[in-house]
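2 protein chains.
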Amino acid sequence: MVRHLMLPLLLLVALAARAADPLPSWREGPARTAILDFLDAVTDPAGADFVPARERVAVIDNDGTFWCERPEYVPTAFQVQLMASRAAAGVVSPDSMPYRAWLAGDRDALREYGYDEAYQALIRSFAGMSVEAFADSARAFLARQRHERFGVPPTELYYLPMLELHGLLAAHGFQVWVVTGGEQGFVRSYLEAVVGIPPERVIGSWTPPVYHEEQDGTVRMLRGDEQVYNGHEHKPANIQLRIGRRPIFAAGNSNNDQAMCRWSATGPQRSLSLWIRHDDDVREYAYDRGTDRIAALAAEHPRVVEVSMARDWARVFAREE
Amino acid sequence: MVRHLMLPLLLLVALAARAADPLPSWREGPARTAILDFLDAVTDPAGADFVPARERVAVIDNDGTFWCERPEYVPTAFQVQLMASRAAAGVVSPDSMPYRAWLAGDRDALREYGYDEAYQALIRSFAGMSVEAFADSARAFLARQRHERFGVPPTELYYLPMLELHGLLAAHGFQVWVVTGGEQGFVRSYLEAVVGIPPERVIGSWTPPVYHEEQDGTVRMLRGDEQVYNGHEHKPANIQLRIGRRPIFAAGNSNNDQAMCRWSATGPQRSLSLWIRHDDDVREYAYDRGTDRIAALAAEHPRVVEVSMARDWARVFAREE
Chain D
0 MVRHLMLPLL LLVALAARAA DPLPSWREGP ARTAILDFLD AVTDPAGADF
50 VPARERVAVI DNDGTFWCER PEYVPTAFQV QLMASRAAAG VVSPDSMPYR
100 AWLAGDRDAL REYGYDEAYQ ALIRSFAGMS VEAFADSARA FLARQRHERF
150 GVPPTELYYL PMLELHGLLA AHGFQVWVVT GGEQGFVRSY LEAVVGIPPE
200 RVIGSWTPPV YHEEQDGTVR MLRGDEQVYN GHEHKPANIQ LRIGRRPIFA
250 AGNSNNDQAM CRWSATGPQR SLSLWIRHDD DVREYAYDRG TDRIAALAAE
300 HPRVVEVSMA RDWARVFARE E
Chain U
0 MVRHLMLPLL LLVALAARAA DPLPSWREGP ARTAILDFLD AVTDPAGADF
50 VPARERVAVI DNDGTFWCER PEYVPTAFQV QLMASRAAAG VVSPDSMPYR
100 AWLAGDRDAL REYGYDEAYQ ALIRSFAGMS VEAFADSARA FLARQRHERF
150 GVPPTELYYL PMLELHGLLA AHGFQVWVVT GGEQGFVRSY LEAVVGIPPE
200 RVIGSWTPPV YHEEQDGTVR MLRGDEQVYN GHEHKPANIQ LRIGRRPIFA
250 AGNSNNDQAM CRWSATGPQR SLSLWIRHDD DVREYAYDRG TDRIAALAAE
300 HPRVVEVSMA RDWARVFARE E
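Just so you know, the protein sequences line up as chains D and U, in that order. In terms of numbering that gives the first Met the number 0, the first sequence has 206 at position 207, counting the first letter as 1, and numbering is strictly consecutive. In terms of numbering that gives the first Met the number 0, the second sequence has 161 at position 162, counting the first letter as 1, and numbering is strictly consecutive.
There is no bait here: all hints are sound.
What follows is a list of derived Cβ distance ranges for each label pair: (1) U:279 - D:51: 37 to 45 Å; (2) U:113 - D:106: 42 to 50 Å; (3) D:119 - U:216: 31 to 39 Å.
None of these hints come from the bench; they were simulated from the model. All residues carry an ideal CB built from backbone N, CA and C; glycine is no exception.
Using the sequences plus the hints, can you model the full thing?
Now the structure itself:
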């Protein structure tokens, strides 16, 4: 279902990649120039900044960097809907805390309860589900969900300039990973169909899977009951754990991505980090909460470049005309 | 250094791959036939067992499956040598337990102390090292280490038939991962140069890395102080965590690989698992401790095939003639 919805988007990007302009949705300016200069430099075998193909690792944050995260943070919206169906099936009680607060969207009550604790309780409501059933639920959610302002499924709100950039990185021999605080199983459920990034290249917050051998000797993988968080300094640490190389390209939009961008920017090889700045409330949203540290990094470090959505992007989504 | 040592080996395999026989070190027999039939079946787009390329995941255990693990388990030998240098530098006391027992190779004392506890203490002796310094130490160890019977560095004792099989899997569009109980940072330090498998495709027992920001704002990754074990049912669980797909090819040599092979063998797609059996004390070693459960799986399940080193392998190592 997701595949069908997204075909036009992928097609559009593929067509763009074949055109003379490799980044048609990026306006002329320092950000676009920094990207093209960086790609030229690290792929020129005769140049001083050449990086062998196998060391070209790119990491891109998901929510707010690759797709729209406003007004609703999509991974959590999915988790609350799934928990509601688990409550309906009697797995958890919808009247007990913190489930009552999740269902009512009562953020004050969640804060009072303790957000981290409340979040782990949400995760626990899926414990014992098979990883396949969880992914099926995620795809079904995405197919029926509509963005309150744009009226399309969330998967159609990947940013066109970032999709073009992903294609250009891949065309330059990069392996591109998504590194997100969002739930790994959720992002994996659709990302390959929507963006072309396979499950092994998704690093998100994860629940250690549980091996389960049935009576007949067959094996299923079930969801565990505790989430390991992939944000802030855990992002670079988990990149080291999972990839084993320091990325030479990173993109993020908030303080949550600052450590990842700093690690990339302070390595021995030439690198580029992008700070995607939400300053366009006409075509998307304008907000700067939780961006002071990544903004400071961009101001201080020449390898970390600010991308203004309003100034640097000729288009934001594939859907607009 | 490692690169140089292994070039003849990689070259040999590359030459073999171009020859008419794709598995020259495998003798005619049920194991070889099972491999070739499996590869034909899953790559034939017109066949009922076709598997799309992106879903062709192969996992291979390292110690005892891919390279020789006798008489000395190489990852531990390295760790003890590294700990000795840390003791010499004053990081841990060589006279205190369990370090004294590690240095003396006193297995009884380690058992009495508690092996798991003693192992974590060994790991803790590297806490705070940069991941790069750890990898450099590993490569230096491998370059100077000589196998007590064969007189060559451990990296020259990768099994030639398995290297050929790895090449053949890759040529059939498989992504090949090493899934090992050995320390991930150790295996990553040499595997790309020796076998051609990059660091992101190594899943081993790991120590969660620690993000460290220096005074000048640069970032280094340091080793943490506790090991997460990747053996038995943790292998398939970590494959789900890291790769996110059920493998359709698995190879192992002991009970430690049984769960991984069972998961692969009981999936919806056609699959093949190999149990590498050490029954050749002329060319390698003969031992069957800790193999009863994987042997039972091979006896019971048609998708799990026994490979007798004595019967099925025409050659064991590149070095013999």
